[in-house]
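*Asks:* Number 60 in our numbering belongs to position 58 of the sequence shown; there are no gaps in the numbering.
I should point out that these hints are in silico values taken from the structure, not numbers from a laboratory. No residue lacks a Cβ here, since even glycine has one placed at the ideal position from N, Cα and C. It is possible that part of the hints are untrue.
With beta-carbon atoms standing in for the labels, derived distance ranges [what the hints assert, rightly or not]:
1. LYS64 with GLU136: 34 to 42 Å
2. LYS116 with ASN67: 32 to 40 Å
3. THR105 with ASN67: 19 to 27 Å
4. CYS160 with LYS30: 29 to 37 Å
5. ASP26 with SER74: 17 to 25 Å
6. VAL114 with PHE152: 18 to 26 Å
7. ALA169 with SER28: 21 to 29 Å
Derived DSSO-like pairs (lysine-lysine); straight-line CA-CA distance at most 30 Å [claimed, not checked]:
8. LYS112 with LYS10
9. LYS143 with LYS51
10. LYS51 with LYS112
11. LYS18 with LYS143
12. LYS65 with LYS51
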Amino acid sequence: MGVTSIFKQQFPADTKYSADDVPDLSGKVILITGGNSGIGYETAKVVLKRNANVYIACRDEKKANDAIARLSTECDVKVALFHKGIISTAVNPGTIQTELQRTLTGGKKKIVSKLVYPAEYGALTQLYAGTSPEGKDFDGKYLGPWARLFSGNPVAQCEQAGSELWAFLEKETADVV
3 MGVTSIFKQQ FPADTKYSAD DVPDLSGKVI LITGGNSGIG YETAKVVLKR
53 NANVYIACRD EKKANDAIAR LSTECDVKVA LFHKGIISTA VNPGTIQTEL
103 QRTLTGGKKK IVSKLVYPAE YGALTQLYAG TSPEGKDFDG KYLGPWARLF
153 SGNPVAQCEQ AGSELWAFLE KETADVV
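From just these sequences and the hints, can you work out the full model?
*Replies:* Okay, structure coming up:
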């Protein structure tokens, strides 16, 4: 990663997209990994408030149930669908304050705390990718911090590499799916 890329990700320009731009999602089903905290939790809050049926995927059942209770209260949702499931979205949320920093101490914790942004900002990129009208045109594109198109690694645009990866993944997951 070059210096310019690091700078763009650490100090992104103001976003032109906000949670208020997410359209009504009635009838839509959205799967969110890590929905019990951080970026996943912030994403779940936004899409629930926009009437989506939400499934969250968590590694810990107690944390999932706690998140369900908090989301139901915060979003004033009487009936919400939650389930353990998996989905992967290729976006870079930026340098975000999440549970990942929970074990930092001393000087590292002080330095990192000055460089990270609230989880709400991290949710913007995946909300933009998954709910904006432009999202249908993002196939193969790389979204970076705060709902912006970035230039990805050229290898990621190689159709042959993509086909080989797809074939490998289908082979490896054939017994799972």
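*Asks:* Would you mind marking each hint as holding or not holding in the structure?
*Replies:* Going down the list of hints, with the structure as the test:
Checked against the hint of 34 to 42 Å, the pair LYS64 and GLU136 passes, with Cβ atoms roughly 38 Å apart. Between LYS116 and ASN67, the C-beta spacing of about 34 Å keeps the proposed range 32 to 40 Å intact. Taking 19 to 27 Å as the suggested C-beta distance range, the pair THR105 and ASN67 conforms, at roughly 24 Å. At about 32 Å, the CB distance of CYS160 to LYS30 agrees with the hint of 29 to 37 Å.
For ASP26 and SER74, the Cβ-Cβ distance of about 20 Å falls inside the hinted range of 17 to 25 Å, so the restraint holds. Remark: the range hint 18 to 26 Å for VAL114 to PHE152 is upheld by a beta-carbon distance near 23 Å. At roughly 37 Å, the beta-carbon separation of ALA169 and SER28 lies outside the given 21 to 29 Å, and the hint is violated. Between the alpha carbons of LYS112 and LYS10 the distance comes to roughly 22 Å, so the proposed pair stays at or under 30 Å and holds.
Distance restraint check for LYS143 and LYS51: the Cα-Cα separation of roughly 27 Å lies within the 30 Å cut-off, and the hinted pair is therefore satisfied. For the given pair, LYS51 sits about 34 Å from LYS112 by alpha-carbon distance, which is inconsistent with the 30 Å threshold. For the hint linking LYS18 to LYS143, the alpha-carbon distance of about 18 Å falls within 30 Å, and the restraint holds. About 21 Å separates the Cα atoms of LYS65 and LYS51, which keeps this hinted pair within 30 Å; it holds.
Hints 7, 10 from the list above are not met by this structure, while the remaining hints are.
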